[in-house]
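Chemist: Here numbering that gives the first Met the number 0 is used: position 1224 in the sequence shown is 1223, and no number is missing along the way.
Rather than coming from a laboratory, the hints here were simulated on the basis of the structure. Please note: incorrect hints may appear among the correct ones.
What the hints assert, rightly or not - As a list, the in silico DSS-like pairs of lysine-lysine whose alpha-carbon atoms are at most 30 Å apart:
| hint | residue 1 | residue 2 |
| --- | --- | --- |
| 1 | K971 | K960 |
| 2 | K595 | K543 |
| 3 | K153 | K81 |
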Amino acid sequence: MANGEEDGGEALLPVGEERSLTQDEDAERAELESFVTNLQERYQQKAQERQQNQAPDRPAEEDFFRYDSSLKKNTAFVKRLKQFTAQQLPSLMQDVSGLNLTKYISEVSAALVEAKLKMSDIGAVLTLCNHLHRHYAEFAPTLFENWQKLLLIKPGEKVANPSKMRVDLRFYAELISLGIFQNKMGLPLLGACLTGLIAQDKEEHVNLSIVLSFCKHCGDEYAGLVPTRMTVLAKKYDVTMPVSPLLSPDRQGNLRNLLRDYYQSLAEHLRTEHKQLQMAEKSRRKMLQSKGEVTAEKREQLAQLQASYEKLHASTGTLADLLGEAMPELEEPSEPGISGTEGSVLDGRPGEELQFGSLDPWRDEETKSFYVDLPDLRQFLPNYCDKKQPGQQQTVNQSMQQQQLQQQADQQQPDDEEDSEGAGDLVPDMSAAGPPITEETLDMEMPELDGDLADLESTGSLLEDDDTASTVDPDGGDSELGKDGTNGGSGAAASGANGTPSNQGNRRYFEQFVQNLQNCVNRELIDNAAIDFLLNLNTKSKRKRLVKVLFGVQRTRLDLLPMYARFVAIIDLVSPDVAHELCQMLKIDFKYHLKKKDQINIETKIKVVRYIGELVKFGIYKKLEALYCLRCLLHSFQHHNVEMTCAFLEVCGVYLYNCPDSRMRTNAFLEQMMRLKMNTTMLDRYVQQVENVYYLVKRPEGLKVTRKERPLIHTYIRQLIFKELDKANVDKMIKLLRRLNWEEEGTFTYAVRCLSRAYNIRYHLIRSLADLLAGLNSYQERAVVRVIDTVLEDIRTGLEIHDNKLAQRRVAMVKYLGELYNYQLVDSDNILNTLYSIISFGVTLTHDGPPSLVDPPESLFRLKLACVLLDTCGQYFTTGENRRRLDYFLVFFQQYYWYKKSHPYFAGSGSVGAGATGPTSTTTSEVVTAPTGTAGPNVKDLFPILMDHMYRECLKSLRPKLKLYGGFEQAKEAVQELRQKIFPSDELERVNQESVAGEQQQSSQRTTVSDAPDSSDREDSLQSDDCTSDAGDDISEGYGPKRPNGKRGTVDDDDDADTPSPPIDGVDRELEGYDEDDEDEDNDEDQEYYDDERDGVALLQEEGEGVEQPPLQKLPEDLEFEREFERMSTEYSQQRAKDAAKVNPKHVPIPITFRNETKKTYDQLQEPTNVNTDTVPFALMIRGKGKQQTYKKFEAPEDSPLAQYIREQERKLQEEKDSVKRLTLNISERLEEEDYQESLNQPTRITDPLRMRPLKPAKFKHPKGVPDIDAIFH
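Using the sequences and the accompanying hints, generate a full structural model.
Modeler: See the structure below:
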C-alpha cells in the first residue's frame, strides 16, 4: 500500500503542473488575441477615415450662406477652441454645424495648433478636425502652415515646452494617419522634427520623454514597433502581427534605425550615470570613514543622482522593450564586502583592523578583565549554556526561565501575585524612548529629541522621588524596605537551612538583597549578588523591581555605577529584559534632562551619563545610542551640557575611540567639541574640563617636540621682528633695536639673520621690515650691508635650486628686495641684475635641447618672481636712465614669456607665434597677433590664464602704452634688433675688450647677464666717501617718489615723474611703442642723450669712435639748457626768500607782550645799569586768569643746572654751525678740483649738460586765501 500511495502521488504531480501550464498558455493566448484584435480594428478604422478624408464630399458654397457668419459668434468659437477639452466636443460640434467659418478658417487652424491639449483630448480633437476638413477645403493647408511654424526645429534650438511638444507630435502624426495631411506633404515635416529632436539630444537626452511618447502611441504605424512580449508570444503561437498600410516597411526601417542610434547613446548615458552613482556612493563611504558623518549636501546630491538614475533606467527599459533591444550591462561595484550591517557605526569592511592598527579599548589588563571577564554561570546554573553560541540563545533563555518558574511556581505563587499588583506601575511606558537610533539619525544636521516633555515627566519624577527617598534614608535601600521595617537578620532567619528562602520570607529576602546590594563595592561582592539573584530571585516581578532599584541609585554614589553595570551584564546572560528596560529608562531620563534645559540637579545628570557610559563598555547600551547622546549634548554645548559631555567621554570616550566600528564618529565628535570650545565663550573651568577629556581620549603619543633653547637676547630679537613689528610701530622697533649691543658678534650675527628672513613674517609686513632696515641704516650701516648681501645671496640660491617647497620663501625675498629699493637701500643695478638673473640663469632659449634642471618647461615660477619684483619697485623706473634700462629689460622679459608660452608643453606640437610678422598699430595695450590665415595652435587653451593675466597686468601698470609682442619669433627679432642698434657687429668685439679693461681698473667686480645689454650702469659713483649725500643719489637715481609713506629722507620730485625718456637713435621710441601723437608736447625741447660711464663706452660715439672729435662747441640744446637753468635758479631763490624761516622748537621765542613790557625808553637807556655777572636772567611764563598769560622775570645763579644747561646748548649749537661751514667749504673745493681734473683727463670728450634731471617750468600756483587789495590797486 505504501508503494502504491507513493506511485499515485508521483502520478498526481505532473497533472497539477499540466493544469497550471495550460492556464498560463490560455491567458497568454487571450492577451495576444486581444492585442491583435485591437490593432486590426484601429488600422481598419484609420484606413476608412483616411479614404474619406482623401476624397471628401464637401458641400457647395451656397450651402454656407444659410449658416451664421456673424463676427461675435465666430470669434467666441475660436476662443473656445484655444481652451479645447474632450468634454467640450458635443457643444463645439453643435456650434460648427450652425456657423459659417469660411472667413475664419485660418483663425480656427491657429487656435487648434496653439491649444494646450492632453493625451486624453487627442481623439476628440481629431473628430473635430475630420469634420472641418470635410467641410472646408482651406482647413488642411492653413493647419499645415501653423504646424510648420511649431514643429520646425532649428539646429541648436532647445524645446521650450517638452510637455506640449509631446502631445503636439502625436496630434500631428495622427492627422497624417487619418489622411487630413497627405503623406507627401506631412511626412517630411514629421521626419525633420524627429530628426531634430534625436540628433541634437544624444548627450543629455532631455527629449527622451517626447521620443518615448511618440514610440508608444505612433511607433507601430511609422516604425513598425511592437512590444517585445507580444512579438515573443506571436512567434510562440505562430500568430501573424497586423501591419499598418500607412508606410512601407522600407520607410519604417529608416525611422527604426534612427531610434536605434538614439537608444545606443541612451545606453551609454545610462552607463555613465551608473558610474557616477557608484562614485558618489564610494565618496559617501569615504567621508563616513574619514569624518564620521555625511553632510546634508552630500546626502542631497546622492539622492538626486539616485532619482535621476532610476528615471533614466526606467525610460531606457521602456525604449529597449519597444525596439526589441537588450538592456545595457552595468558594471557591478569593484570593491567586495561593501555592504554593512544594521547597527554598526561604520560600514563593515574586511581589513578595518589593518586600517586602524592594533587598538586597545581598555589600555590595561585589569580594566579589561573587569569589563570582559564575567563569571562562568555553568558552575552555578546546571542547564545554562552561553547565549553567545549561535542557535541556542533563545532556547536556553526560555528553558532557563521555564525551569526556574516551574521550581518556584508552587512556593512563590502568592508572593508573585502580590508583587505583580504594582509591578506594572514601577516601570514607566517605554514608548517615550523613541525608535532605535540608526546611522541616518546620527547624520542628521540638527538631531531632534523625540517624545514630548510631558511624556518624559513621569520618568523624571520617578527619579526625583527615588533620589528624595534615598536622601531621607541615608542607609539606602528600596522604599518598600522602609515601610516593612525588616532587617537582614529577619531575612536570614526566614531562610531555610539550605539557604533557599521559604515561602513566608521570600519578599523579605528580596528586600534584604536590595539593601545589601548598595554595599557591593568590589568585583567579588557584585558577582556573588548577581549569582544569588539568578538562583533565588529570578522571577518576572522581581526583575521589574530590580530594574527600579538599579535605576534609582543615589546621585552621589557614582562608585556604584560600574558595579551595577557589571551586575546588569551578568543578569543579561540569562534574562535580557533587565538590561533592555534599564537602558530604555536611562534613555528617557537623559532626554528629559536634556529637553528640560534647567540648571539644577547637575549631580543627577552626571549620574545618568556616567551610567550610560558604563553600560556601553559592557556592551549593554548600544554604541549608536551612546553616540547619539553625545551628538545631542554637542548640539547645545553650554552650561550643564558641557559637564555632561566631559563626564560621558571620561567614562566611555576611550572605549568608543578605540573601537574600530565607532572610532571615526567619535573622532569627529571630539573635533567638533574642540571647535565649539574655540568658538564659544566658556568659563575657565569648562575649558579646562574639555581640554582634559580631549587629551584623555586622544592621547598624544609620539609627539614630543623638543623646543630649541635660545639665549634670552635672541628670543628678544625674534619677538621684536617677527611678532611685534607692524606698520604703526616701526619707529619704536628702531629705537629698541638700536639699544642692542651691536659690538657683540653673536648679537650682531643673529640680528642680521632675523632682519634677512622676510619669509618668517606676514607678507603685508615685508614693507614694514624694509622700513625698519632703512631706519637702522643711519646707525648700523655694516649690519644693513650684511642684510642686503644675504637677501641677494638667498635669491641667487633659490635660482640654483628648483624646489616647490621654497616657493613662498622666494616670493617673499624678491618682494623684500623690491621694498629695499623703494627705501633707497639698494640701487637700480641690483634690481636689474636680479631681473636679468631670473629670466636668464640656467635658461636656454630653445625648445630643441634637453630641459633645464633649474627652470623646467612646466615651471612658470620665474615669471611670477619677475612680476612680483616689477610690481613692487618698477613703478619708480620712470625717469632718466633707469627708464631706458627698464625698457631694455622688458624686451628680454617678453622674449622669456613667449619662450615659456610657446613651449610644446603648453602649446602642443608646432611653434607658436611664428606667423607673427610685425606689430600692428593699436591705441591701447593689446597683443600683436599673427595675420589672418596663419596656422598655429591656440596656446591660450593650455597656458595658465592666471599667469597670463599677471604678466599683462604687470606690463600694463609699468608701461600703459606699450605694445606687446605676439609671438616668440617676433620677440627674438626685437631682441636681435635691440642688440644691433646698441652694439653693432663690427664694434661688439672692441666694446667687450674695453669693458674687460675697464673692469680690471675698478675696485669692485660687476655681474653682467648674458643675452642682455649691460644692466650695471654707474650712477654718480664718483662721489667721495667723505661726502655721502642723498642729494646726489636723488639726482641720479630719481628716488624722489620711492618712499610711499614719506618717513625718512624723502625728496619731493613729483614734477619729474611724467618726464619721458629720450630716444637714442630711435631705439627707445620703438621699444616703448609710443605713437607720435601720444608723446608730450615738450618732448622736442627735452631731448636728452645718455652715456655709459661704468663701461667707459659712449653710446653717442658708437659710429665714429676712431675719428678725431671736433672742438667743443655749444649746441642749441646747451644754450636752451643754460637759459632754463638760470630761470629755474632765479625762481628758486625768489621762492626761498618768500618762505618763512623755520623756528627751532627748542628755542621758544619771547612773546610780543613780554617784549613790550621789557622795552626801555631813551632815558632808561642813558641811565647806568649794574650788570650782575654772577646770575643769568630768565623769563617764566605762567598761567593767568582765563586764557591770559603772564610773565615773571627772575635771575638764576650762574652755577645752577638750568644756567649751565643753557650755556652748554648754545656752545654745541655754535660748534655744529662751525662744522657745517667747514664741511661746506671742503666740499666746494673738492668739487672744483674734481671738475678741473676731469677737464684735464678728457679734453675732447663732450660733456653731458643734462646730468641732472631736467626740470619743467614751475607750474602756476594760485595764491590761497583772501587777495591783498592794497597790493593790487596800489
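Chemist: Indicate, hint by hint, whether the structure satisfies it.
Modeler: Here's how the hints hold up against the structure:
Taking the CA atoms of K971 and K960, the gap is about 21 Å. The hint holds against a cut of 30 Å. Distance check on the hinted pair: K595 and K543 sit about 27 Å apart at the alpha-carbon level, within 30 Å; holds. Proximity of K153 to K81 is assessed by CA-CA distance (about 26 Å); at most 30 Å being required, the pair is judged to hold.
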